[in-house]
Amino acid sequence: MALDLPALNARLHAAAPLIQNITNTVVQQFSANVLLAVGAAPAMLDHEADAGQFARLANGILINFGTATNQQLLAADAAIRVANQMGKPWVLDPVSVGVIDFRTTRIQQAAECHPSVIRGNASEIAALAGQGAGGRGVDSTDEVDAVLVAAMSLAQSTGAVVAVSGARDAIVEVSDSTVRLARVGGGHPLMPRVIGTGCSLGSLTAAYLAAQRAPDGRRLASDFDATIAAHAHFKLAGEAAGKTTSGPGSFAVAFVDALYALQSADLARADVHLEIREMPDTCGL
Amino acid sequence: MALDLPALNARLHAAAPLIQNITNTVVQQFSANVLLAVGAAPAMLDHEADAGQFARLANGILINFGTATNQQLLAADAAIRVANQMGKPWVLDPVSVGVIDFRTTRIQQAAECHPSVIRGNASEIAALAGQGAGGRGVDSTDEVDAVLVAAMSLAQSTGAVVAVSGARDAIVEVSDSTVRLARVGGGHPLMPRVIGTGCSLGSLTAAYLAAQRAPDGRRLASDFDATIAAHAHFKLAGEAAGKTTSGPGSFAVAFVDALYALQSADLARADVHLEIREMPDTCGL
Amino acid sequence: MALDLPALNARLHAAAPLIQNITNTVVQQFSANVLLAVGAAPAMLDHEADAGQFARLANGILINFGTATNQQLLAADAAIRVANQMGKPWVLDPVSVGVIDFRTTRIQQAAECHPSVIRGNASEIAALAGQGAGGRGVDSTDEVDAVLVAAMSLAQSTGAVVAVSGARDAIVEVSDSTVRLARVGGGHPLMPRVIGTGCSLGSLTAAYLAAQRAPDGRRLASDFDATIAAHAHFKLAGEAAGKTTSGPGSFAVAFVDALYALQSADLARADVHLEIREMPDTCGL
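Residue numbers (my numbering), protein chains in the order written: chain E, 1 to 285; chain W, 286 to 570; chain C, 571 to 855.
Next comes chain E alone, as it looks inside the complex (with noise of 0.2 Å):
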């Protein structure tokens, strides 16, 4: 089955997928007009009384450990719970995993758990894979290329799409000793600087993800597709928002605008190059 991007691109206008962020605070609003430009509905709940309820409701979940508290997590493992048991798709953003201990502990609980996507910058993903010291927090250290090896024994151990976000960025999936690879190009230097471009790609994966699973559970698209689908979008609307702005403060507001008025066939001129590899030895012995 090809990759094609329109239509996966169609199918998230047509679903127009309820996402519920369980994200940190700093980047709701943004994650929340990011949804909103595609076409999604966006939801923020933070009591552990209301998580698990209405996740039965969302049509994707998307899990941020950024700014929490111990109501978000509690509210966090009772949605979690609920996408297991109902197979809905969620994705994990693994923000600042590596850097400290009680965050650390949490998402590496988190990552095994069955999420569908994992999406992080390339100190995330190394860390998470145990093969780094994480970041400073939000931004990254590490470069994609760097890191595309932790991101592979990742997606084997956990089961679950890896996103690396960088300047091209990396999606991975592995089957038996099958990886599959994906890069995606395009995008703007000014993207990191604005806050919520990385957290907001994981509410627009699940929004992805979501809109390629019919009614009756049966999936249109791979988690893998939907995933490069995602950060095509996001890489496209990046460089239309660069080629009106000169500052990160126009840029954002372009951003969200190009958002919008990406078409569906607007898609077919990403950058994406797909290979195939072999899953490389990780052994370190």
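Simulated from the structure, these hints should not be mistaken for laboratory data.
Keep in mind the model is a prediction, meaning the values are calculated, not measured.
Each residue gets a CB set at the ideal place from its N, CA and C atoms; glycine is no exception.
Careful: at least some of the hints might be erroneous.
What the hints assert, rightly or not - What follows is a list of derived Cβ distance ranges for each label pair:
#1 C:Glu713 - W:Leu505: 29 to 37 Å
#2 W:Leu342 - C:Pro759: 24 to 32 Å
#3 E:Asn70 - C:Gly657: 39 to 47 Å
What the hints assert, rightly or not - Keeping only pairs whose Cα atoms sit at most 25 Å apart, straight-line, the calculated SDA-like set for lysine to any residue is:
#4 C:Lys813 - W:Ala546
#5 W:Lys528 - C:Thr815
#6 C:Lys813 - E:Gly247
#7 W:Lys528 - E:Gly39
Since chain E is already given, all that's left is putting chains W and C on it; use the hints.
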């Protein structure tokens, strides 16, 4: 007393009321900027030890449980108690009522505590009136026209002015068996594509309510008229913003500019239709 | 050592300091974007199990109790403790001090814990100095000139640099009985119409402080000079933004662009006036 929207707006500018917003973290920034744009002063405090004492200073209060934590719920209780003791106006935004049990219970309790205004979308108003299943969270799955009787019933049972946001807003007041109904048109289809346009209208309504009370407590205009003015102000700003923008990112920016630029005289141009009806028989037997 | 604002700014760009912001949820996004615009790295964490450990990595810390929860208060305690143990610069924003008892107590405790800088509006500085009743929350009801002696008294009692934001900012340092006072003009009347312009200045100040410490801990400039530079940078950006916009929505966008666009040499144009005074006799008897 005829509805004099320019006078209601002039009082808002003159009073610069202090509005306490116990609201969800997704829309705090946008709601604060909406209030600042119209000359009001926003304050957000979510600690139960602060909220009651601050409510004594505030001129109006907005309560929205969108991302409520246990502490914020206690803060809301404290603020509502003070508002009622001191006769201060307060607005309830019943976001996501009817969707999840815990939240629904808390919102129903608040609705019984004499809010001046209840403002929500059609799904929320129907659910709070006991006549619908709620929406999917922040977006509405019902139309305003379909919930007019529910809004009247809710206004009668709570004593509050009830405002339903939609393509053509409805504002309802019931006194004995007489219904006053206002419909407010205008706005722009991009408004629901910007997070917080609904929630911040609740904050603006609280500001209009507060501005119509003289320092000695005397009412210079009714809560019904103040609520209409807030909705008319919003619709006019949405219309203006839609004329110069074509995406939700730039629309949000232009909308705040338009709220700021609107002069009192401009409100005379608002598309407001008033009518008086008999309270319909809502007996279900 | 003469005040060399371009050199102070160049060090900020070179250092790209990591700033931990324990701040209110209303301004987290804006504060993060302000820091990113000037090349610093923002981090927000509100869990007490994370905050102390993260403070060991951070180059500077900003504390603002605007929407503090019990967990955030514990997180602040942990971060301040580490900052003091390790000699890291930290900034206290005493938002709403003097308005409500619980918050006032917590802010007074923090002020005694050796902040490098205390930055607030005139009402807040007066209240923290014990010479005023506080404002109404985020907006100031006092003028900068009226609270200069209070700022000096606070600087003397705490040992901190004290910065008062207003039409003409005042920055005060007291050593023995000598007062160094800087006044910084510029800015634009729309600045107080955008939420977070005050709070994010505290974050920027922390970034400037951090950037003036060499890796070996040596001071490359004083905290007084760094605080002036942050305020000058802000005022210049406000001036620039005001030239191209006429409403608070577009002003906020242009302001972030201007923070990003400002080059080190531009800071030589800042309107800064320095003077030295004797400490006035503040004995009330």
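- Item | Violated hints - listed by number, lowest first | Hint 3 contradicted; others consistent.
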